[in-house]
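All chains should be modelled from the sequences, with the hints used to inform the complete structure.
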Amino acid sequence: MKKIVFVTGNRNKADYLARFLDHPIDHKKIDLDEIQSLDLKVIIEHKVRQAYKKIKKPVIVEDTSLEFKALGGLPGPFVRFFVDNMKFEDICSLLNKKDRVATAKCAMGYFDGKTLKIFEKKMMGEIAKKTSRREWFWLGQNIYSQRI
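Residues 1 to 148 (our numbering) make up the sequence shown, in order.
Derived from the structure by calculation, the hints contain no laboratory data. A quick note: this is a predicted structure, and the numbers were derived from the prediction, not measured. Careful: at least some of the hints might be erroneous.
[What the hints assert, rightly or not] Within a straight-line C-alpha distance of at most 30 Å, the following computed DSS-like cross-link-like pairs (lysine-lysine) qualify: (1) K114 <-> K87; (2) K41 <-> K53; (3) K13 <-> K87; (4) K69 <-> K13; (5) K53 <-> K87; (6) K114 <-> K3; (7) K97 <-> K54; (8) K87 <-> K41; (9) K13 <-> K114; (10) K97 <-> K114; (11) K53 <-> K97; (12) K114 <-> K69; (13) K57 <-> K2; (14) K105 <-> K53; (15) K87 <-> K2; (16) K97 <-> K57; (17) K54 <-> K105; (18) K3 <-> K56; (19) K121 <-> K41; (20) K53 <-> K117; (21) K121 <-> K69; (22) K53 <-> K98; (23) K54 <-> K3; (24) K53 <-> K122; (25) K28 <-> K69; (26) K97 <-> K28; (27) K2 <-> K41; (28) K69 <-> K41; (29) K3 <-> K98.
Listed below in structure tokens is the structure:
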């Protein structure tokens, strides 16, 4: 079986993926261009092709998006800028007295120089009114509550 490299800045993501797949995953932190697009699949395809071009081995990349219905789908894939520059309470308060419905998306891309595969999973829910947690989890789990 081919050895796969997960290109991410977060070593924990690579370790988690290796356990989940029950397959060894190498981790590489490589600076990749962050293209400007609201289409997560376009971003993933660009990242995975660029990562492969740099390391010449089968690669996996990932990206996430959090779309607020009340904000026309923003911040989308730019959610990282919100999280890095705002308190969680402020992110939640953006939606006060507005529709709190949101869609969280996670996409992964695989490319081995020939085969390109892109996988996307999305989950609809509502943004919590308050959060007491300070950490950021994959897919924004601390500010995101799934609707029942």
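Each hint tested on the structure:
With a C-alpha separation of about 42 Å, the suggested pair K114 and K87 falls outside the 30 Å cut-off, and the hint is violated. Taken as a hint, the K41 and K53 pair is honoured in the structure, with Cα atoms around 18 Å apart against an allowance of 30 Å. Annotation: proposed proximity of K13 to K87 holds, straight-line Cα distance about 23 Å (limit 30 Å). The straight-line distance between the Cα atoms of K69 and K13 is roughly 28 Å, inside the 30 Å bound, and the hint therefore holds.
Between K53 and K87 the CA atoms are separated by roughly 37 Å; this puts the pair beyond 30 Å, and the hint is violated. The straight-line distance between the Cα atoms of K114 and K3 is roughly 15 Å, inside the 30 Å bound, and the hint therefore holds. Of the supplied pair hints, the one linking K97 and K54 is violated, its CA atoms being roughly 47 Å apart against a limit of 30 Å. Between the alpha carbons of K87 and K41 the distance comes to roughly 28 Å, so the proposed pair stays at or under 30 Å and holds.
In summary, the hint linking K13 to K114 is supported, as the alpha carbons are separated by about 25 Å, within the 30 Å threshold. Between K97 and K114 the CA atoms are separated by roughly 49 Å; this puts the pair beyond 30 Å, and the hint is violated. Restraint check: the Cα-Cα separation between K53 and K97 comes to about 47 Å, which exceeds 30 Å; the hinted pair is violated. With a CA separation close to 37 Å, the supplied pair K114 and K69 exceeds the 30 Å bound.
Among the hinted pairs, K57 with K2 is consistent with the structure: their alpha-carbon atoms are about 9 Å apart, no more than 30 Å. A hinted pair counts as satisfied when its Cα atoms are at most 30 Å apart, and K105 with K53 qualifies at roughly 26 Å. Proposed proximity of K87 and K2 is contradicted: the alpha carbons are some 42 Å apart, above 30 Å. Restraint check: the Cα-Cα separation between K97 and K57 comes to about 49 Å, which exceeds 30 Å; the hinted pair is violated.
Between K54 and K105 the CA atoms are separated by roughly 26 Å; this keeps the pair inside 30 Å, and the hint holds. For the proposed pair K3 and K56, the alpha carbon gap of about 12 Å is at most 30 Å, so the pair holds. Annotation: proposed proximity of K121 to K41 holds, straight-line Cα distance about 11 Å (limit 30 Å). About 16 Å separates the Cα atoms of K53 and K117, which keeps this hinted pair within 30 Å; it holds.
Between K121 and K69 the CA atoms are separated by roughly 18 Å; this keeps the pair inside 30 Å, and the hint holds. As the CA atoms of K53 and K98 are separated by approximately 44 Å, the hinted pair breaks the 30 Å bound. Of the supplied pair hints, the one linking K54 and K3 holds, its CA atoms being roughly 16 Å apart against a limit of 30 Å. For the proposed pair K53 and K122, the alpha carbon gap of about 28 Å is at most 30 Å, so the pair holds.
With a C-alpha separation of about 35 Å, the suggested pairing of K28 with K69 is violated against the 30 Å cut-off. A C-alpha spacing of about 43 Å is found between K97 and K28, which places the hinted pair above 30 Å, so the restraint is violated. Between K2 and K41 the alpha-carbon distance is near 24 Å, which keeps this suggested pair within the 30 Å criterion. Under the criterion of a C-alpha separation no larger than 30 Å, the hint pairing K69 with K41 is consistent with the structure, at around 19 Å.
A C-alpha spacing of about 47 Å is found between K3 and K98, which places the hinted pair above 30 Å, so the restraint is violated.
The structure shown violates the earlier hints numbered 1, 5, 7, 10, 11, 12, 15, 16, 22, 25, 26 and 29.
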